[in-house]
Amino acid sequence: MKRLFFLFILAALSMTAIAMEMEMEMAVPGRRAFIRNEKNAILEVCLKNNGKAELDGIKLGGSINGAPVVSQALGRLTHNGKLTGSIPVETHLMPGTYPCNLKVEYSLNGKPHEKTLELAFMIGTEEHDRMPVISWGSPTDFSPFQQLGFTHALSWGYAHVYVRKRPNPEFLIEGHYRALDKMLAAGIRAYDLIHVAYMHEKYPRVGRDGQPYQEAHKNFDATNPDGLHETCEVTEKIINAYKSHPAYAGTGINSEVRDNSRPSFSELQLKEYRRKFGHDIPQEVDGRSASHYTRLKGFPVSRVVEQDDPLLQYYTWFWKEGDGWNPLHSAMHDICKKLMKRPFKTFYDPAVRVPPVWGNGGRTDMLSHWTYGYPDPINIAASTEETFAMAAGRKGQEVANMTQIIAYRSLTAPIGNRVANHPGWVAKEPDAKYITLAPDLMRIALWTQISRKVSAIMFHGHDSLIVDTQVNREGMYRCTNHETEKVMKDILLNVVKKLGPVLKRVPERRHQVAVLESFASSVFAGRGTWGWSGWGFDSILMLLWANLSPGVIYEETILRDGFGPLRVLVMPHCDVLPRPVYEAVLEFQKQGGLIVGDEFLVPGITPDLQIDSIQRSREKPLETKAALVATGLEIRERLKPYFKPYVAASNPDIVTHVRSSGNADYLFAVNDKRTFGDYWGAYGLVAEKGLPNSGTVTVNRIAGAVYDPVRSVAVDFKSDGGTTTIPVKFGPGDGALFILLPKPVGFVTVDMPESVCAGASFMVKAQVLDSSGEPIRTIHPVILEFRNADGVLTDDSTSAALENGSYVQTVVPPLNGKKGAWNVTVRDSASGKSISKTIRVTE
Amino acid sequence: MRKYVTMHKATFILLTFVLVFAAWGAEKSKGIADNDPAIRRAAFRRLLDDPEKARQAVIAGLRDEDRVIRKRSVYEYYSGNGVKALPELVKLVKDPEPLVMDILLSCGKDLKEKHDSIVLLSAIAKVSVLENIRRQADKMANFTFYRDNKRLKDNPAFDHDLITARLFQLPLDGWRFRADAAMDGHTKGYFKKDFDDSKWKILKIGNWEDQGYSGYDGIGWYRISFDMPDKKDGEAVELAFEAVDESAWVWLNGIYIGQHDLGPSGWDKPFWLDVTKEIEWGKKNVLVVRVEDTAQAGGIWRPVSVELLK
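So the protein sequences, as listed, match chains B and R.
Sequential numbering from 1 applies to the first sequence in the numbering used here.
Sequential numbering from 1 applies to the second sequence in the numbering used here.
Only chain B is shown next, with the shape it has when bound in the complex (with noise of 0.2 Å):
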């Protein structure tokens, strides 16, 4: 009986201790992972009493790796009351994994209670500034991927939760952070995309008899109120769920939406547009163009039509604002801008998938462009070039570029073509859809990336990269190259890690020649690249292999910036212009401008130069590129009495591209050498297989110097007459960069103290001088090296760019590293000249 009254005491007590537990509920749901150095760092506990009893003098403590408790008064929790309580976190420590332990006190009833948690924590590397290296998708582990090169994962999982209307946010939401701590932990940071497309059930664009568009003319009505405001709640839900946390760091706002954006016939919309144009949409509007102007009654022979045309008015009105999209995109961009208090990028891509014509992507911060790297791997630099076009229309807008690791197996290599000898890889993916891009294709399409000043690279369909053997993707994207990787691998740590700082920096050179994107033959006339295709297209490549350097203009630059230093402009398909342009056009070359016209080009602009379109045939592509080098050779030749481009190549399969920074030339050269290959070659569509080439590349500048940056090597030139030439070598599909300077480099400095104590900072001043002395004032590549006593490189080793004459850097040895001699090399990347320096860091 005695040992059963103890049993029931026991139970009871166990009960209550149960009990206990269950009233005060403790945990950390938000972050766990901090950046080293990271300032006013705390780690949020949220408290909760889950009792029916009132709980009070709530007391939270806690305690970061053994260092003594920090403690914090919090008053009294009523019932289902819910408190946030602050541990401050010492960041000053050595990246890694520590523990931490939490307490809360309180008492219930008059009697003292505890519960306690434990948790580990993560110091983060250092935030360097570098090119960010965006993968579109995230296999599960991104480890390989971040050995490849790549510095972000972009996903659609956050945002899912609310687009998707997801059960349990919260709890998903708690799991992502624990992915985002390990992102932040291994220095990666993650982009999403909230991508509101599948409104268009709820919200559909409508026809002329009132009924919604069918089948793939499907699209969301971004003018709808309901819409736009159920839009701007989602984006604001999954703003406030992730804004805490630092690794996610941007996000695109949606992409292809404007594909099938078409005219709506809404009554809100027809309102509103005889509201602000004071009369109805013209009859003859029915698509996304107007009828072609063959069609058109009483369309003027001139081709030239009125600012006011009803037709370009409602036209123009339509894919800047009136199809709802830009304005859309401009709402959600201004929400993720209001909700985040620290640096946050919005995205939009595909930028240039639209007629020539400001606005697309409304006020994101970038503007991004995908395209792929066949038949020509070049086709990077033509939508690149559009996009800055696109971009110009927003004053700071930046811009970045995509290439995609995956090809369309029926461009490439079609599944049920005959060929002599299938390709090895057949046989292992005979169903395989989208399979990987050449390697040689990716190379060229990358050192071409980078070529042109972008703030971010991007690449979509990594499944075609690395297998994700985690996840089951039978009928996806499949790899098919392995190739590919390394290629990727070997230009993504050797160049862009290692340049990434100068890339995002030096300027781009205004254009000399430039191609006229028509607005306006878009509408009457059905032309446009969309982004990746056409003779308009092709001619922005015909101009690249003949060193032209060619940029993208629209009608609204002309109109609002004139030409300032154009001297060619290019008119391909220029059907019809608006009067204001005709004018300007005419006006330009009254003033010595040359005007390259083809066939198509309005009567009343009589070309200095005339060339005939080329028509692209997809089964001979090798046949298309010569036939689109041998024109813009000749245009090249057919201008030499007029005009000198100020950069050249011995052959044209050498394609350059000069960037400037005051007086240093960035010089970047890609051999674009291709044949038929082993990989795709016997399907006959795509040269895939890069060839050896060799010759020089010449500028229209005196150099005292010329690096090679990615070697660190300086090299032969010949500079005389006002040029320098310099031979070049290239292995398959390689690329090169040559930085030109006025003088050699000298020497490197650096300034720093000789001594620190640890957790405190000290600054590190970085120069490159050149043999006059005189520090290099214009944008140049330098690597910061730091090892520390154990002589292990610490993660505030970096690649940097020098501006103004100096880097400078901040940094904080950690509190928990062993004391002793630091050593200090900064190394210049062109010349590879360095100097070292040691910092004794104290207790």
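What the hints contain is simulated information worked out from the structure, not anything from laboratory work.
Honestly, I wouldn't trust all of these hints.
[Claimed, not checked] Subject to a maximum C-alpha distance of 20 Å in a straight line, what follows is the list of computed DMTMM-like cross-link-like pairs (lysine to aspartate or glutamate): (1) B:Lys590 x R:Asp161; (2) R:Lys277 x B:Asp209; (3) R:Lys310 x B:Glu215; (4) R:Lys277 x B:Asp259; (5) B:Lys297 x R:Asp116; (6) B:Lys590 x R:Asp34; (7) B:Lys833 x B:Asp790; (8) B:Lys297 x R:Asp138; (9) B:Lys218 x R:Asp233; (10) R:Lys269 x B:Glu619; (11) B:Lys640 x R:Asp36; (12) B:Lys590 x R:Asp49; (13) R:Lys277 x B:Glu230; (14) B:Lys297 x R:Glu113; (15) B:Lys337 x B:Glu230; (16) R:Lys94 x B:Glu599; (17) B:Lys297 x R:Glu278; (18) B:Lys433 x R:Asp184; (19) R:Lys232 x B:Glu215; (20) B:Lys590 x R:Asp50; (21) R:Lys150 x B:Glu230; (22) B:Lys433 x R:Asp154; (23) B:Lys433 x R:Asp50; (24) R:Lys153 x B:Glu256; (25) R:Lys201 x R:Asp217; (26) R:Lys153 x B:Glu284; (27) B:Lys218 x R:Asp161; (28) R:Lys277 x B:Asp770; (29) R:Lys153 x B:Asp259; (30) B:Lys218 x R:Glu278; (31) B:Lys341 x B:Asp259; (32) B:Lys486 x B:Asp678; (33) B:Lys218 x R:Asp154; (34) R:Lys310 x B:Glu201; (35) B:Lys297 x R:Asp148; (36) R:Lys310 x B:Glu599.
Got chain B; can you put chain R on it based on the hints?
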């Protein structure tokens, strides 16, 4: 003596004026005969800017050896003279350059009076040395059906692969046919859905030469009715023609769909036309094809199908 000097002065001033003016004029004309097209065209443009010389420059330009100057001259001449330019334009219809003939076609289309328009277009259709231009002029004068039929797969904004999910082949036999030597079937409504074709001959898919029309080159009209099943899900619907010898203009349910108009070289080339909007699911549909053959065999000689794309 004074008078003599004064007269001399006046002559001198006049002479100077004439010389300066001539030099100025010569400067303007400088380069018009240059072999470098850029210089030649720049000189031509300068002349156009001179009100005194523009008219003469344009008239001379109509027969300049440079096709670009001829194109601009035709445009300027027509813009300045309108219908009065017609007699001169008719004289130019043998120009071998597409660049020039294109602008002549535009003028022909632009003339306000149909009669004037037909004069120029018929002249082009009759004597142009460019076959494509002749055909265009003929159609502009006589047959105006045209539609830019855009297939979904060619939509530059559509970045996805499409596959044929279902294929409904139209009958190989039972096509109603009528030769149209007068080329006026379109004015008689042959393409209309409810047109009575019961008296037309019945042909099979194959050359019309082998089915009672031996040696016939010209226009022929085909009509066929077919039932479509109830609506199936898909991205788009297309009419797939495996081959029509040579050119074809297509109507579905009385609505003009598009054309396959490559001339003689189009005889063995397959083509597709988007009919997503025009197809009537679960109903009887009427397909009408106007075929033009200019030599040897002609007609719809390979099967026609309706394809559902996903």
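Here is how each hint holds up against the structure:
Note on Lys590 of chain B and Asp161 of chain R: the hinted pairing is violated, with a Cα-Cα distance of about 48 Å set against a maximum of 20 Å. Using a Cα cut-off of 20 Å, the hinted pair Lys277 of chain R and Asp209 of chain B holds, with the two alpha carbons roughly 13 Å apart. As the CA atoms of Lys310 of chain R and Glu215 of chain B are separated by approximately 10 Å, the hinted pair is consistent with the 20 Å bound. Between Lys277 of chain R and Asp259 of chain B, the direct Cα distance comes to roughly 18 Å. Compliance with the 20 Å bound is thereby established for this hinted pair.
For the hint linking Lys297 of chain B to Asp116 of chain R, the alpha-carbon distance of about 17 Å falls within 20 Å, and the restraint holds. The straight-line distance between the Cα atoms of Lys590 of chain B and Asp34 of chain R is roughly 19 Å, inside the 20 Å bound, and the hint therefore holds. Under the criterion of a C-alpha separation no larger than 20 Å, the hint pairing Lys833 of chain B with Asp790 of chain B is inconsistent with the structure, at around 25 Å. Pair hint Lys297 of chain B plus Asp138 of chain R holds up; C-alpha atoms about 19 Å apart against a cutoff of 20 Å.
Restraint check for Lys218 of chain B and Asp233 of chain R: satisfied, since their Cα atoms lie roughly 13 Å apart, inside the 20 Å limit. At roughly 15 Å between alpha-carbon atoms, Lys269 of chain R and Glu619 of chain B fall within 20 Å of each other, so this suggested pair holds. The suggested pairing of Lys640 of chain B with Asp36 of chain R holds, with an alpha-carbon distance near 12 Å, which does not exceed 20 Å. This hinted pair checks out: Lys590 of chain B and Asp49 of chain R have alpha carbons roughly 10 Å apart, not beyond 20 Å.
Note on Lys277 of chain R and Glu230 of chain B: the hinted pairing is violated, with a Cα-Cα distance of about 31 Å set against a maximum of 20 Å. As the CA atoms of Lys297 of chain B and Glu113 of chain R are separated by approximately 13 Å, the hinted pair is consistent with the 20 Å bound. Proposed proximity of Lys337 of chain B and Glu230 of chain B is supported: the alpha carbons are some 18 Å apart, at most 20 Å. Only pairs whose Cα atoms come within 20 Å are accepted, and Lys94 of chain R paired with Glu599 of chain B is accepted, the gap being roughly 18 Å.
Our distance criterion of 20 Å between C-alpha atoms is broken by Lys297 of chain B and Glu278 of chain R, whose separation comes to about 25 Å. Restraint check: the Cα-Cα separation between Lys433 of chain B and Asp184 of chain R comes to about 48 Å, which exceeds 20 Å; the hinted pair is violated. Between Lys232 of chain R and Glu215 of chain B the CA atoms are separated by roughly 11 Å; this keeps the pair inside 20 Å, and the hint holds. Proximity of Lys590 of chain B to Asp50 of chain R is assessed by CA-CA distance (about 13 Å); at most 20 Å being required, the pair is judged to hold.
A C-alpha spacing of about 34 Å is found between Lys150 of chain R and Glu230 of chain B, which places the hinted pair above 20 Å, so the restraint is violated. Distance check on the hinted pair: Lys433 of chain B and Asp154 of chain R sit about 18 Å apart at the alpha-carbon level, within 20 Å; holds. With a C-alpha separation of about 63 Å, the suggested pairing of Lys433 of chain B with Asp50 of chain R is violated against the 20 Å cut-off. Our distance criterion of 20 Å between C-alpha atoms is met by Lys153 of chain R and Glu256 of chain B, whose separation comes to about 15 Å.
Under the criterion of a C-alpha separation no larger than 20 Å, the hint pairing Lys201 of chain R with Asp217 of chain R is consistent with the structure, at around 17 Å. As the CA atoms of Lys153 of chain R and Glu284 of chain B are separated by approximately 25 Å, the hinted pair breaks the 20 Å bound. Using a Cα cut-off of 20 Å, the hinted pair Lys218 of chain B and Asp161 of chain R holds, with the two alpha carbons roughly 17 Å apart. Our distance criterion of 20 Å between C-alpha atoms is broken by Lys277 of chain R and Asp770 of chain B, whose separation comes to about 70 Å.
Pair hint Lys153 of chain R plus Asp259 of chain B holds up; C-alpha atoms about 12 Å apart against a cutoff of 20 Å. Between Lys218 of chain B and Glu278 of chain R the alpha-carbon distance is near 17 Å, which keeps this suggested pair within the 20 Å criterion. For the suggested pair Lys341 of chain B and Asp259 of chain B, the alpha carbons sit about 33 Å apart, so the restraint of at most 20 Å is broken. Straight-line distance between C-alpha atoms of Lys486 of chain B and Asp678 of chain B comes to about 18 Å, which keeps the hinted pair within the 20 Å bound.
Taken as a hint, the Lys218 of chain B and Asp154 of chain R pair is honoured in the structure, with Cα atoms around 17 Å apart against an allowance of 20 Å. About 19 Å separates the Cα atoms of Lys310 of chain R and Glu201 of chain B, which keeps this hinted pair within 20 Å; it holds. Only pairs whose Cα atoms come within 20 Å are accepted, and Lys297 of chain B paired with Asp148 of chain R is accepted, the gap being roughly 16 Å. Annotation: proposed proximity of Lys310 of chain R to Glu599 of chain B is violated, straight-line Cα distance about 37 Å (limit 20 Å).
Hint compliance for this structure: hints 1, 7, 13, 17, 18, 21, 23, 26, 28, 31, 36 are broken, all remaining hints hold.
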